[in-house]
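Chains Z, A, B and V are the protein sequences, given in the same order. The opening position of the first sequence corresponds to residue 6 in our numbering, with each subsequent residue numbered one higher. The opening position of the second sequence corresponds to residue 6 in our numbering, with each subsequent residue numbered one higher. The opening position of the third sequence corresponds to residue 6 in our numbering, with each subsequent residue numbered one higher. The opening position of the fourth sequence corresponds to residue 6 in our numbering, with each subsequent residue numbered one higher.
It should be emphasised that the hints constitute simulated quantities derived from the structure, not laboratory data. A couple of the hints might just be wrong.
For chains that are exact copies, the list does not tell them apart, and a pair is met inside one copy or across any two.
[As the list claims (entries may be wrong)] Keeping only pairs whose Cα atoms sit at most 16 Å apart, straight-line, the calculated EDC-like set for lysine to aspartate or glutamate is:
no., residue 1, residue 2
1, Lys127, Glu38
2, Lys78, Glu105
3, Lys78, Glu51
4, Lys127, Asp102
5, Lys118, Glu51
6, Lys78, Glu121
7, Lys26, Glu121
8, Lys118, Asp81
9, Lys18, Glu38
10, Lys26, Glu51
As the structure is a prediction and not an experimental result, all values here were calculated from the model.
There are 4 protein chains.
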Amino acid sequence: MSQVERIGVSLDKKLLSRFDKLIAGQGYQSRSEAIRDLVRRQLSTEQLSNPDAEAVAAVFLVYDHHSTKLTEKLMDLQHSHILQVISSIHIHLDKHDCLEVIVMRGRVGEISKMGENILSLKGVKLGRVNFVSSESD
Amino acid sequence: MSQVERIGVSLDKKLLSRFDKLIAGQGYQSRSEAIRDLVRRQLSTEQLSNPDAEAVAAVFLVYDHHSTKLTEKLMDLQHSHILQVISSIHIHLDKHDCLEVIVMRGRVGEISKMGENILSLKGVKLGRVNFVSSESD
Amino acid sequence: MSQVERIGVSLDKKLLSRFDKLIAGQGYQSRSEAIRDLVRRQLSTEQLSNPDAEAVAAVFLVYDHHSTKLTEKLMDLQHSHILQVISSIHIHLDKHDCLEVIVMRGRVGEISKMGENILSLKGVKLGRVNFVSSESD
Amino acid sequence: MSQVERIGVSLDKKLLSRFDKLIAGQGYQSRSEAIRDLVRRQLSTEQLSNPDAEAVAAVFLVYDHHSTKLTEKLMDLQHSHILQVISSIHIHLDKHDCLEVIVMRGRVGEISKMGENILSLKGVKLGRVNFVSSESD
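Could you build the full structure based on these sequences and the hints that come with them?
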């Protein structure tokens, strides 16, 4: 079991009442939970700014499945040695387009580089690389 | 078959040579392809700023699978009526934490709202909502 | 004088020690101060997602001061009626380029629209609109 | 005089017509101008991801001018040796709060570090560091 510590935070009353309204609208049950999430997100953002940090990422890409050889090239990239592709999911968007979400683990810098390579492939229409830090608290 | 039009663009030589170097590094085979991607990304960004636009999104969340009832609550949310969850993928990160990627279709505003609701659930440690526009060219 | 309230937040010990390290590196003197900043930034981000919210913004633009009539067009835009330009600052970057920072007050949506208009002017090379929420706590 | 080169770009007709509509709404007079801006922004974004790149930045901060010694601390930071503060602008937002925009030149990494230091000062309520690349085409 992880240990929990209780800390005190001083906040201006008006600021606090605006925060309470915001987090109630977002569905939070308690201030503690909402503040924990702010802290975690801040740490995660910080961590992901380091190219050597370990991360989990999902690459999104929209592509035309008629594009010659794109599917093979994607497979090749997914089997590259540096990054470990964990899983991928394929969704039919319409007659032409597919959405593929590829979840991988690796260093931030390497994943970014691979992301750029995927997005530059002929036939890939849109793409984005999204990181989640892998180091848990 | 979609029709293609050829347009001319005037660019400063120095700007062009910096662009050529950048896109070569990213793996592009041609300027045309790289510029098409810039245009598509711009249109997509614009479209996603409209809360009523149709979009496909993936919600990422890292959570502790020991959290009481979180799994049921996530299921409930995924079966809500407004949004259509297309698919989801579950990955074991370590002894405690899971990564779940939930791909859904809906309006930008509704997806954002649902995203906030998911992230506020007790036990969800990190999360992010990522959009891809669904309207193809 | 504004009133201050003290609240308690429970945080996992490991999470807290990572946060302490991060904020020490950023120069914070206390956790309370760092958490207040997270709360304020969250409220500000939320507020700025509403196109009708009052905001203060700075438009940055890099432009070639040899561009015909750009200076006049910028002046015209700055004297438009809807937005209140508070102040502007002009910096010589090199032989050709100037940086202008225009600080204005207005609604988020109107400022964004004006920003797009400025960035589309012939001769403007780079630009960005940056918001700061105007509603203080 | 800088030399201009004309290149050809092939675009799907539907994509082109959506792009034409978007840029007309933003106020662009020609496609060439709009595409040049996309190219410049892409190069700028790329450049600013390198911590060693030279950049011009503006630090925004909202602070309570009653805060003890904040003004002196800000002055000290602005006169640090590594970064060259070019100019700053001070705006009265309301009875308590001021907005200060500090324009500086330096390396991306150093500016980021200084930005964090400023934002962590007691009395600074909100802040943001915004970069513009300094290398012109």
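Outcome of the hint check:
1. Taking the closest pair of Cα atoms, Lys127 and Glu38 come within 16 Å of each other only across two copies (7 Å); inside a single copy the shortest separation is 45 Å, beyond that limit.
2. Proximity of Lys78 and Glu105 under a CA criterion of 16 Å is satisfied intra-copy only: 14 Å inside one chain copy versus 26 Å between copies.
3. For a Cα distance limit of 16 Å, the shortest separation of Lys78 from Glu51 qualifies neither inside one copy, at 33 Å, nor across copies, at 25 Å.
4. For the identical chains of this complex, Lys127 and Asp102 are intra-copy neighbours only, at 14 Å inside a copy versus 36 Å across copies, given an alpha-carbon limit of 16 Å.
5. In this assembly of identical chains, the alpha carbons of Lys118 and Glu51 lie at most 16 Å apart only when taken from different copies (12 Å versus 19 Å within one copy).
6. In this assembly of identical chains, the alpha carbons of Lys78 and Glu121 lie at most 16 Å apart only when taken from the same copy (14 Å versus 36 Å across copies).
7. When the C-alpha separation of Lys26 and Glu121 is checked against a cutoff of 16 Å, the pair qualifies only between copies, where the shortest distance is 14 Å, while the shortest distance within a copy is 40 Å.
8. Proximity of Lys118 and Asp81 under a CA criterion of 16 Å is satisfied intra-copy only: 15 Å inside one chain copy versus 37 Å between copies.
9. In this assembly of identical chains, Lys18 and Glu38 lie within 16 Å of each other by CA distance solely across copies; the values are 15 Å between and 19 Å within a copy.
10. Taking CA atoms no more than 16 Å apart as the test, Lys26 paired with Glu51 passes between copies only; the shortest distance there is 11 Å, against 27 Å inside one copy.
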